[in-house]
Structure formats: structure tokens, C-alpha cells
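2 protein chains.
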Amino acid sequence: MRASRFLFATLRETPNDAEVISHQLMLRAGMIRKLASGLYTWLPMGVRVLNKVEAIVREEMDRVGSLQVLMPVTQPASLWHESGRFVQYGPELLRFKDRHNNDFVLGPTHEEVITDIARNELKSYKQLPANFYQVQTKFRDEIRPRFGVMRSREFIMKDAYSFHVDQASLQETYDNMYAAYCKIFNRLGLNFRPVQADTGSIGGSGSHEFHVLASSGEDDIAFSTESDYAANVEMAEAVLVGERAAPTKALEIVDTPNQKTIADVSEFLKSDPAMSVKALLVQGVAKEGEDTPIVALFLRGDHELNEIKAEKHPLIATPLVFATEEQLVALDLTAGFCGPQGLVKKGMTVIVDRAASVLSDFVAGANEVDKHAVGVNWERDAQFTEVYDLRNVVEGDPSPDGQGTILIKRGIEVGHIFQLGQKYSEALGCKVLGEDGKPLVVTMGCYGIGVTRVVASAIEQNFDEKGIIWPSAIAPFEVAIVPMNAHKSPRTLEAAEALYAELTAAGYDVLLDDRNERPGVKFSDLELTGIPHRIVIGEKGLDAGTFEYKGRRDAESVNISKEELLTKIAK
Amino acid sequence: MRASRFLFATLRETPNDAEVISHQLMLRAGMIRKLASGLYTWLPMGVRVLNKVEAIVREEMDRVGSLQVLMPVTQPASLWHESGRFVQYGPELLRFKDRHNNDFVLGPTHEEVITDIARNELKSYKQLPANFYQVQTKFRDEIRPRFGVMRSREFIMKDAYSFHVDQASLQETYDNMYAAYCKIFNRLGLNFRPVQADTGSIGGSGSHEFHVLASSGEDDIAFSTESDYAANVEMAEAVLVGERAAPTKALEIVDTPNQKTIADVSEFLKSDPAMSVKALLVQGVAKEGEDTPIVALFLRGDHELNEIKAEKHPLIATPLVFATEEQLVALDLTAGFCGPQGLVKKGMTVIVDRAASVLSDFVAGANEVDKHAVGVNWERDAQFTEVYDLRNVVEGDPSPDGQGTILIKRGIEVGHIFQLGQKYSEALGCKVLGEDGKPLVVTMGCYGIGVTRVVASAIEQNFDEKGIIWPSAIAPFEVAIVPMNAHKSPRTLEAAEALYAELTAAGYDVLLDDRNERPGVKFSDLELTGIPHRIVIGEKGLDAGTFEYKGRRDAESVNISKEELLTKIAK
Chain A
1 MRASRFLFAT LRETPNDAEV ISHQLMLRAG MIRKLASGLY TWLPMGVRVL NKVEAIVREE
61 MDRVGSLQVL MPVTQPASLW HESGRFVQYG PELLRFKDRH NNDFVLGPTH EEVITDIARN
121 ELKSYKQLPA NFYQVQTKFR DEIRPRFGVM RSREFIMKDA YSFHVDQASL QETYDNMYAA
181 YCKIFNRLGL NFRPVQADTG SIGGSGSHEF HVLASSGEDD IAFSTESDYA ANVEMAEAVL
241 VGERAAPTKA LEIVDTPNQK TIADVSEFLK SDPAMSVKAL LVQGVAKEGE DTPIVALFLR
301 GDHELNEIKA EKHPLIATPL VFATEEQLVA LDLTAGFCGP QGLVKKGMTV IVDRAASVLS
361 DFVAGANEVD KHAVGVNWER DAQFTEVYDL RNVVEGDPSP DGQGTILIKR GIEVGHIFQL
421 GQKYSEALGC KVLGEDGKPL VVTMGCYGIG VTRVVASAIE QNFDEKGIIW PSAIAPFEVA
481 IVPMNAHKSP RTLEAAEALY AELTAAGYDV LLDDRNERPG VKFSDLELTG IPHRIVIGEK
541 GLDAGTFEYK GRRDAESVNI SKEELLTKIA K
Chain B
1 MRASRFLFAT LRETPNDAEV ISHQLMLRAG MIRKLASGLY TWLPMGVRVL NKVEAIVREE
61 MDRVGSLQVL MPVTQPASLW HESGRFVQYG PELLRFKDRH NNDFVLGPTH EEVITDIARN
121 ELKSYKQLPA NFYQVQTKFR DEIRPRFGVM RSREFIMKDA YSFHVDQASL QETYDNMYAA
181 YCKIFNRLGL NFRPVQADTG SIGGSGSHEF HVLASSGEDD IAFSTESDYA ANVEMAEAVL
241 VGERAAPTKA LEIVDTPNQK TIADVSEFLK SDPAMSVKAL LVQGVAKEGE DTPIVALFLR
301 GDHELNEIKA EKHPLIATPL VFATEEQLVA LDLTAGFCGP QGLVKKGMTV IVDRAASVLS
361 DFVAGANEVD KHAVGVNWER DAQFTEVYDL RNVVEGDPSP DGQGTILIKR GIEVGHIFQL
421 GQKYSEALGC KVLGEDGKPL VVTMGCYGIG VTRVVASAIE QNFDEKGIIW PSAIAPFEVA
481 IVPMNAHKSP RTLEAAEALY AELTAAGYDV LLDDRNERPG VKFSDLELTG IPHRIVIGEK
541 GLDAGTFEYK GRRDAESVNI SKEELLTKIA K
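Chains as they are written, first to last, in the UniProt record's numbering: chain A, 1 to 571; chain B, 1 to 571.
Check each hint, because a few of them may be wrong.
No copy is singled out in the list; a pair is fine if it fits within one copy or between any two copies.
Stated by the list, open to error - Cut-off 35 Å, straight-line C-alpha distance, at most; resulting in silico cross-link-like pairs (DSBU-like, lysine-lysine):
#1 K371 / K34
#2 K488 / K423
#3 K97 / K423
#4 K52 / K183
#5 K34 / K126
#6 K97 / K409
#7 K431 / K34
It should be emphasised that the hints constitute simulated quantities derived from the structure, not laboratory data.
The following block holds chain A by itself, in its conformation from the complex (with noise of 0.2 Å):
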């Protein structure tokens, strides 16, 4: 491509609206426009990079066998309501009438769709397994779309969905499909993990989130230091860590007048935060025709409640919701100064955190205002009901496969795999005949990839204060030519020609920059939009039979001859 023919729409100020790097710099190097909110045009340099992102997930579902498909944007409403979704889904599903006013929806996701495919086209086991994707927009009505393509309402994903006759066969799938993203992510150059998500019902290792690690990444990630355990810290297990210590010290009740909070209580009483226990009081699962219990848990002062982690206990209400001041009173409970002595005398449920039932002589509220108590002892002093998982991880908590301790990272979730058992093929009927002659109901999984996002996400990933430095499989082009005072030097330009026909007929993406620009407005366009190699060809370097050559994280260009210029760029 030569550059006076291509669209250079590069931007110097970062624009006012780009809250992260990967949406300032799209904008910045010309690669996307907003149209409206959560609505953007891909101009030509972007969608060169969108279009290698689709050619490698493409090769690689081919690869592993998934059927390619095409299904509509627009979608009947009718299969919606008989998945139950068209009610479930809330706002984010955007509903509209068509001339003729029946419902339609736009599609967020195409789960209904598929499997009324299946329905209709596989009819006995012999077809199955059986693998479909498409790549295909999607539209998904955010109420505040931010971060340009991030979190965008029209967005291009790779999905993809398996049809099996039964678990085992869905987990191989599974694993291939595993094993194809990847291959997928590794091609695309992209630094990423896949961890274990959270499953609701399912359980088990039914499903996973790729991410990309980036600092600006929205998710918390749990790693092992030492294997490839890697898990969403809302899922992360908090493993049991020690004994509890025999008392060695005696209850004692003492004033700590106005501090509510364990910083305060630890900082007052000189005490380890991690020294003490902290009481949350939820409601749990009421019995019939009786009122709603509350259900006391007890967590480390230094630990944070796992939402997620609560809501699995079955004495806990789902979705989680904290004791109310009324509860409280009727309980003769004092916000901020609850203990767990005498808790479960009064009838109450005591659920306490693995790591806070392993501590001796420690600090807790006293049950009376302005009061706490230190040289508490479980057993001694309160007892508890159940002693349960109920904490995010932290930095340092061992692995829970056993292998090295917990490292926390930021990750932009870029793909994700689910073992979607029978929810949809039960819902909408979607059954093969057996090896034994009768009608078994599907067993499904699906399989996600934000392609839109991940460029975006490779951006956060790869940047420096120059702009973009795109992986070379990604890159808009991989080599930039530029000749030296090209309209005034015949000489430079028809070298720049020669090499850029002899790079691009060896198959390499190039852009030879003829623009009539300064050179300075060249090097920063090609710095700002990433391109990973940068040629000068100029009269002293013509002379010396050498090439001025700069790759993207160099600090300095260096003169090197054509046989070292073709190492440099090889792929």
C-alpha cells in the first residue's frame, strides 16, 4: 500500500472523551470514529487489523473442525420467549416491532438461534458431536457504552456452539475448543490467561475466561507463582492455612468508645487487624411461615467478603442482602460492635471464614456499644455453626492446587468457553434420536470471542508513550518504507520501490510512505499507528549500501546491510 493512497487519519491531541489507551489511541491513530455512543466506524487502519484478527480465529475454528455459519443480526422475539430470555434478559436486549409489529430483538447473542437450527437439522446421535461458528455483529443496548470498542454496543464477535450426546463428549469439545483459543491467543501475540470462571449451577471446570493481562484490565485474576493455575478471584478457593492455637490469653472486655471500623479498633488497641474478627450480618433462607433469619458471618479483619463464595451456602439468601437495623435490634445486636460470643445461645447461624477460624486470642466486637473484646477463643469464649470459604484470595495465600502462592493481575476478558449443559436444548425441545432408538435432549457448550475487543485489548497490552506497538500477526502493516526527500531524489524513491516490491512479493504486508510530509510527520504517524518495522532509505545510506533500520520498541535506529534487514523482519 502506498501511503499517499491510504487514509492517514491520525489525530495529535488525545482526544477529551478516551478514558483508557487502547480508545485514546484507536482514535489517535486513525483507526476508528465514533458515531454515536457505543457506535463506531472502523476506518481503513483499523479495519486492517480487524481483519487479521478474523483470518486467525477463522483458521483456527476451521481447524479444529467447527462448521462456519452466518445467522441473522435480527432475530424472531418468539425463540426468546421460549428460552424464557426475552422477559430475563433486561434492557441490555434491544427490542423493536417491524412494519408489520411483530417483535424482533437484536441480537446479543445467538444461543436461541442455533439451537432451533439444531432442532431442525440434526436428528441422530450419528451427526453428533456437531461444532457451528459464525462471526457475526452483535448489538447489546449498554446504559453507559464507554471505552470505545471495549465496552461498545455494536461489537463483532466469534461464537461458536457444540452439540453432543452427552458430558464426555462435551468435554472433549470443550478441551479442543480450550486448546484452540490458545492457539488463537498465541498467535495473535497477545500476553493472556485462561482462568477458571465462575460456573453457577454447573460447578466444576465447565468454564473459562481468556484474558488478556493488562493493567487497565476491569477483572481481577488469582495466578499461581509457580503452575497455570490461574482463576477469577471471585472464584479463587481460600484454602485452609494452619491450626488454631491453644488461648493463652483470658477474655477481657475493654472501652473502645467510637470505634466502629477495624482500622480504627486495631489502630486504637495497637493491635493486627489480622488479629481480629469482623462480623457481617446477612439474611438467610427463611423456613416456611417463619420470618427470615439472620445468618452472622464471621471474616479476618484484614479479608474481604466473597460475595459469590456466600451465596453458594444454602443457609444464605441468594442474591446476598445485608441485615436490616430493624433485624438487628430485634436480634439486641450493635452495629459495629457485633461479636460472635453468645450467638448461636441466641439461635443464630455462625458461619466463619477458613482463615478466621484459625485464630487464637484475638479481637472482636464486645455486643455492646463502645466496647470490644481481646483474648477471644473460639470454642472458649463463642462457638459457630460451620466454618466455610467466604473470602476473596489475597497476594501470598497459597495456590490452591498446592504449587507456589497466589499473584493478583488485572486481565481484559477476550474470550470465554462454557459447558452450557441442557439449558437451551431443554428449553426449546432440541433432541436426537439415541443409539437406543429414543429421543435424548442435547447436551451443549459455547464458545466466545470479542473480536472487536481483543484489538483493543492488544493495544492496552502493547503500548508505549510514542503510541501503539502492534504484535507483527495484527499489525495494520508490518514493514513501512520511507524514502528520504522522495520528491526531490528520484534515487531514494526508486530504491523504496524496489524494496517494497521485493518485500511485498515475498509476502509481506508494506506501506511505502510517498507522502509529501516532512520526515518527522512520517516517523510519528508510524510510531503512533504501531507498525513494527520501520526502513529509511536516504542518499548516504545508498551510498554505503545500507538501510536505516528501526524497530518499534528500539530506542535508536541502526545502519545494517539488506541481508541483516531481511533477518530483522523475518517473521
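With chain A held as given, fit chain B onto it using these hints.
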């Protein structure tokens, strides 16, 4: 691809609701399935064809220097208000509100969006000409979607838009795009013709439609037998042929009781309809403060009025409206018996078609009930205001370019290129700084190809009673290999695998039909799905060192050597 891992969703029966052959065969070949009225899912067999069409279109757009962009499917209504089309477009424009109650449309086309991009990104004449394309999903809320993907509501278009400083630059790009379109449709293997299309107020050679010739087409195309002249029948000029002979008969009034139509009168009088004229009385353009006048049009009895041509006459109202009963009565005219005699004297405008204008001694109405005039001659018996091209051309007419005569065939419009001029750039204020430093309104062109429609039109042109006959370039697979008794004979399967590996490595798109099905079922499927080359591998052939080959259009298979086989399938 191994057939056992592919989705063969073929149907033996022709679906009831499919009217045209392409719709029937796309359903039967398992290429598409209906999701809702005018909405289709593309199954794997269909997507393979769609991808090949899209790849060819993209390659040629890249080659001609058009830059790929991607604009959202959903568009803010505000841009459509700016262009005026939010109101003008009618109910085919699907309008909806998002969760914040803002107005949006599903884009049936993207002139507004690209013009908005251009007015923001293009600042100087130095950036022009600019040419952008996308391949994107479009939505048109057809009142009666039909013919499968031929007239669906959701469809895929390649749409391109160009921007220029003047008409000369537009014409240059237009000519290049015209050539690229010819190349695309040639590469797709289609029998097509570029035809001059109606440009409304622009005129000249400012618009061409690209039609695939097929008897099921909705449009009539007029061709020259000798030159490459082609035009929509509505557009083709009917040239004046011959001169009017001198009168040889006297005017005579004859009784023609109840004979109102040309056919009836000609039969009754034993005269040639081509030797009569028929009257069409239409509304004229009213002068201020006056009643709407009636204009009398006269055509030869065997010719048809072309309303588009009539509407171009400055004295005739647009859209064309016929005179009412009251208007006829007021002028003392008799429906069915109206002749040109005396009309100009009554103050009426009389416009005579060119062919009718050279008649002499002809038959016409006598302006009395149940009477006609014979031996009528222009000027002697009847005056006229003007001679004008009012009729549709018919086969045998001379070609307007002076070479050969007209043939008429049916066509399916698959592409359209159009010189937009300044319609959108004026409305949206799309200006650049000109060479003289002053702002100038850019001149635009637009260029569309119906990607999904191309697939259907290729079938309309290439099928037989067994199914589809794909042009090689867009066949889902180019070659099918069928091992006989593969489940019993490892020898045929091994030979098939070897040939499959060899042809795949040579770059062919090969299907190995390893399904556990009878040969008859496989052959039917391969013929129905239109795969160009079929190779059967059996025990006898292996012994003899030959392959059983059948081209999709061949009546019989032949046993040939490997060398001959490779020649047969060579591209």
C-alpha cells in the same frame, strides 16, 4: 473437508413456499434456512459460497484502490434527518428507539454515515479522490420478502463510496469501478451485462446496473445483437425509423360496434395493429390558476407506453396519471374510440410517438361511439403538437447506437454504480478546501454489489433438474472424491485419502465423501449441491489404474488416467 464431519442438510422434496429455482435449490442443497420472514441463516454449505464471493469482491475492490472500512449496522436517526431521508425513505427503513429513547435506524444503505466520515476526515483537495468500501449487513423492511435471499430483509452488500473535487475525477473513478465490476462478475463465472440505468435528474451515462441474465429475472434488458449496447427496457431509446409515405387513401368513417381494443378493432377490420394508432389521455402540467389540462398521447397499436419516458416530457405530469372520466366528458372525448383528428383544434396538446408519427393511411378512433376512421393521415386529417419517444423498445428495433437490432432478455440486478453528484455532500455539508483555498462541495459516487443476491443469481443461471451447477470460482467445493464401499474396502478409502491429500496440497478445495451412505445418495447430494468435479474410486479402477470422472455438466462419467484427471480439474 471430510463429508462425515460436514453438515449435509440436503432435502429430497422441494419446499412448498419457495417460488424461484434459486430459493428452492438453496433450501434443498442445505445452504440456507429461514429464521423468520425475510431472515435466513446461512448453513456451512452456503457460507462457503458466500465467503468465496466476498473474497473476490474484496480482492477487486482492494486492487482498484478502494479502502476498506466498516460502518455500524445501527445508525443514529439524526443523520437521516440531515439528508432528509428519515421522512422520505418510507416504511422499508426500520426505525427504533434505544433504551435512552434516542432514535436509530437499521441501515439499508450507508450514504449518510460515509458522508459524515468524509466531512470530518477529508479536509483538502489533496486527499481526493478518495474511495471507501465495506462488506456489511443491511436491513430493508420489505413489505413482502420473497424469493429467499434474492429479496430478503437482512442481506449483505458490498457498498463503496467515492469523493471528488469535480465531475471529471468522479468519471475517472466511475470508469475504474465499472471495469472492476466487470472483472468481479467475470471472475464469479457469471453471464452478465452492464446496462444503462435511469439516473433520474442526473442524466447521461451516470448510472449502470449489472445484471445476471436469467429467465427468472425481474427486469427486462434490451441488448444490441451487434454491439455491447445494453439498457433497461425503460431506458432504451426507440429510434425513429423510416419516413412517412404520402397518403394514398381517403379518410373514411366505419362502424365498429363495441370494438374498443386494438386487438378487437384490427380483427374486425382485418387490418394490422401496426397500421393503427391508440390514444392514451393523461394529465398535463397545470398553469397557475388554470385547471389541469389533458394531454393526448398516440402510439402505434402494437406498441406499449413507457411511463418513465412520458414523465420526462415537460408538459406531462409526474407521476403519470390518466385522465378521469369527468375530464374526458368535459372535452367531449369517447373512451375506446378516441382518434387524433381535431384534438389540436380543441386546444389540446397532442404528442405522437416516433413510430406512430411515420404511419400513413392508418386506423384511428373516430371520436364517436362505435366508430373508427380508416385511411387517416397526419397533417391532412390530424394535427399533432410534437413527436417524442414514448414507447418501450421491442425486439427487432434498431439498436440506439446504430449497430444491430434489439434483443430483450430478463436480468437480475446484482450491482449498481451511480454518480450521486452532490446530493448528500450538499445536504450534510461535506466540503474540502480546493486548490484555490476556497471550500468546495465534494462530488460523490456510490457503487453496490448484493453479495448474498449474487449467490442466488448464480444459481438462477446455472442449474438443471438434478440441482445447482456452480461456476468453479464460487463452488462450495471444487472437487468431490467418492471411495466406493469405503466402509468395507480399505483400499478405495486409502486411494481416496491419497488423492485428497494430493489435490488439497495442490490448492483445490476438495470434499472427501467418506459418509456411510449408499453411492446413490452421495451422487444425488453431490449433484444437488453443484460440485463441479466428481471422482469415483472403485476396485476396478484401482486395478486398471484409472479414475471414474464426471463433470457436473457431463451426461456420463468416463474412466481416465491420473494425468487426464488433473487436466480435467485444472483451473
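Going through the hints against the structure:
1. K371 / K34: Neither: 58 Å inside a copy, 71 Å across copies.
2. K488 / K423: neither (69 Å within a copy, 40 Å between copies)
3. K97 / K423: both (27 Å within a copy, 31 Å between copies)
4. K52 / K183: Both: 15 Å inside a chain and 25 Å across chains, each within 35 Å.
5. K34 / K126: between (48 Å within a copy, 24 Å between copies)
6. K97 / K409: neither (44 Å within a copy, 39 Å between copies)
7. K431 / K34: Intra 44 Å, inter 20 Å, cutoff 35 Å: inter-copy only.
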